[in-house]
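Participant: Chains A and B, in that order, give the protein sequences. Using my numbering, read the first sequence as starting at 1 and increasing by one per residue. Using my numbering, read the second sequence as starting at 1 and increasing by one per residue.
No lab work stands behind these hints: they were computed from the structure. Take every hint as true, because none was put in to throw you off.
Straight-line Cα separation of at most 25 Å, SDA-like style, residue types lysine to any residue; simulated pairs:
1. B:170 to B:160
2. A:112 to B:24
3. A:190 to B:37
4. A:190 to B:24
5. B:314 to A:124
6. A:112 to B:40
It should be emphasised that the depicted structure is a prediction, and the values quoted were computed from it without experimental measurement.
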Amino acid sequence: MQTVRSKFKTEPFLFHTFNYLFMLFVVVVTLYPFLNTLAISFNSGIDTTRGGIYVWPREWTLKNYEAVFLSGRVFDAFWVSVARTVIGTVVSVFLTAMLAYTISRKEYIFRKPVTLIFVLTMYFSAGLIPSYFLIKDLNLLNTFLVYILFPGAGAGLISAFNMLVVRTYIRSLPESLIESAKIDGASDFKVFMSIILPLCTPVLATIALFTAVGQWNSWFDTFIFASSRQELSTLQYELMKMLSSTVNSNANPSLSSTAAKDTATMITPLSIRAAITIVASVPILFVYPFLQRHFVAGLQLGSVKE
Amino acid sequence: MTQHTVHKVDLAPQSARRTESFWSRVIRQRQLILMSFPMVLYVLLFAYGPIWGWLMAFQNYKPGFSITDQTWVGFDQFRFLFMDEGFTRVLRNTIAMSFISLILGFVTAIGLALLMNEIKKTGIKRLIQTISYLPHFLSWVIVTGLVSMALSTEGGIINVVLMKLHLIDKPILWLGEGKYFWGIVGLTNVWKEVGWNTIIYLAAIASVDPSLYEAAEVDGAGRFRKIWNVTLPGIRPVIVILLIMNVGWILNGGGFDIQYFLGNGQVLDWSETIDIFVLKYGLRIGNYSLGVAAGIFKTVVSIVLLYCANTIAKRLGEERLI
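Chain B on its own, in the form it takes in the complex (with noise of 0.2 Å):
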């Protein structure tokens, strides 16, 4: 009985909603609330709550004694940072491997999505789409083994096919070098994702007035002509937002997974990355102050550029992300 006059109150107009005070509207809506409170609670405890170790970043920590017990230092542990060469060249790696990988991620993902947009048998271009979207279900432990095993220099095929090609004299030691290091990861990164990529692109392609080619085709344009002006103008703000996501992630260095797995002794100089750097500090070194200081700096940092991203695009009027 009291469902049915709840349920009277719920279709009423807005404007006797309004009048409604804040309270009943929360009792009214209890089940929607016992609904998603659990799962809030959930996401405040485990992605939110451990920011509460943040304060071991103005901390000497010291395992063994609570959080409240430490020696506080202030900003020390993120001078320390600044001032370590080590820590440069770790930020150094983590941008170059970024900017790499997301221009050529969004270079080969477009040029692809293109490209298949031009196959106009259907059934051949769901079997390339189908065989394009595979790596990416593959997890980057099993995608860095097959990537190891095609550059090794005992038969791997990188090496097999360059030295057919007489492109080179003997097989080169691509995972020993640091100088092919970033190229590796950034064409990893394509090799996984191009194909997954392609499905956002298409849909956007896909989306654009068809009328638009007719009146290029009129005006005489051909197949490039119509890609440039027609269908790269029209799928800009799916750009422009996937630019602004990508932003926020700049300094994940084109992901953790490759450098961790791929990375070695002798390409260290040229392989460490931030998270990389997280990790041998807290794990294995043990100096969770300097570890910690470096994730804030990671974290904050993108969030800025995040923000900043978006506030731009606003002011071009592009599309936003929030």
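If we strip away everything but chain A, and leave its shape as in the complex, we get (with noise of 0.2 Å):
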């Protein structure tokens, strides 16, 4: 009796003490990138160089953040990227939930071949060099246009996967409601306007964040489609240009040596790519805890088959 007893209370004991110490394991290796990098862009790039800082900043300073800001190529590709972003948000969340109230309705005699259109892009893709040479014909080169229009990674007017995590949600809501519209006289474009949209916000709220996460760190459109207009740059693809020259010096430090140190303003290459990255991943990382129990939601939502 007594042994059993033990055994039911050390097991428990010693497995959550293992698992506790495995999720901070996670939790240090998770965070620890993003903190040194903090810790980075807050001390004296001069200081850096030295070596030693880990979660912690030694020589406090604000001088990364001024390099940064006073750099107008910086400060313009911040507000190109913020234009993108919204811009592309609102148009594709608005576009997206009234294609997935069309494919919501069963009576719509195009439902399946209009899905199946939408479903086959996310496995099937023509390829760069022809998406290019599209991009080209529709004069579409170095716009500011092509970032909303191209369906590139996450980016694009109508994501498949957003479609579908819309559409089963409007089928979850009750049917009654929408029919009691019809009968009033309602046309299927108010309906969607006036009842559907209102009652889609949580849904909403989680493609919105996925498109909107998807254009932010969008770089490869920038890089192929308007890298030879300056004004169209965006904070991604500026920090992309700091990223290929530094790692190379990585995988050849005698290269690293030679790059260049400001010594008059104490800023280095690699504070100021620390003071970038920060700026361009604090305004998500600011949302995304608040929407965490709607994309959980619609996560889950997405994966339900039809």
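Grab the two chains, each in its own frame, and use the hints to assemble them into the complex.
Facilitator: Right, dumping it as structure tokens:
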């Protein structure tokens, strides 16, 4: 009896101790690189090169951020990023919701072909070079519009995945709401605008987050389609240009010692990069915890098969 | 007034609707059509339109002439592609990095979800989850930047920790040697997405019938037996469907961005994937035809693999994607 009871007590204790230690490990591994960058961004650049900066700055300074925001390029790129995120998200969420409503209607005669055309895009891509030629032929090279229209990673007007998430959500709403509105003479567009849209707020917040993250984090479309116009450069693209020059120096250490160090301003490429990294990630990191409940539910909806 | 009659038809019984002609239904549903067709046209143009450019793969494309005025070479580009030793290596890298990322990704996400599920304090669990989602929201530009910093030989945390533990004597040039590259790609993918991927597994675990656990407990099953005999079989449909989806992405090589940013001259033989190959031939060398041929190969194989996985799952009576 005694042994049985003690077995029941020690097993959970050992397990939970191990489990919490493991979770602590996960949390540290997840947060450390980010906290390290945060510390470097607030530390004097020259001091950082001495090494030994982990999660707390040694010589506090705001110089790195000053340099970032005083540099016209980064400042302009920041606003281009904001503009594409706001415009791209608003347009895409509205159109995706409208499309999702139409394919949620069982009586809609083109429901299946329309759904299929979009779902296939999740797996099928015509490829980079043909897409480049299309964008070129449409005269969209080096225009802001390409950021909104090009169906790249997480961006584009419609994401098939988001469409399915909203469709599933609309189907979970009581059909009687729509039917009674229709008996009162409301058209499909009216039903969508005055009933579906307000009721879909939680799921729309979810896909807005997904779309905004895709837009904000996108660099490839700038690189391929708009790199020859500096005024269309985005924050991620500016960061990418800095990064590609430093990765090669990591693989080949002799190069990094020759990297420019501006002793007068105490700024190094590494500290500037850290500051831009923080500027480029903080907006999203402030938003996502508040939407957690919604996107967890949204992802689960998206995984439901038709 | 007309609106009213329209909706009377709408609510008519199924039998009455079936006798209705196609065109009268089109007219009645004109609003649904107007609400969806602009987007259909958009996707046909932007996602399917570029298929036209696939013709380039069967030509010896020279810029400056229209696509209809090119010399046709049949399957020569494809033949060249498969004879090329470089492309064989590219293919090997792509498949290897995909498999490493796929397997590591599945095992770690399922494992983490199972362990998270054992945490009973809701507040702590929520906090750990929120933190674990963080890297998913960072862009690849930022993530690869963090990775290259962590792996740096000048005070990078990985080298510092390994030195402190006396596992190595001097810093290792992680990004300068090909043999480490595949592992770095796999672990970077895990770091970014493992927390995010637990969302679906945790939801699946939560939907397992609680009476099954009670029954297992009556039979004297401990914590690990319950996980093995109840939880894992319970979430099998979700695992299968996610595997099918991932099979369709096997030629993505575990992502484009990691190889693009972390690959460099020293590790080229290990880091180059199909996507990088296409980019190199298309935009740097200007051999569009060869780049398009490689792209077509990738798309066609992906669709075939997806179809096969889906069919096999159907045969085995598992959950299907399409």
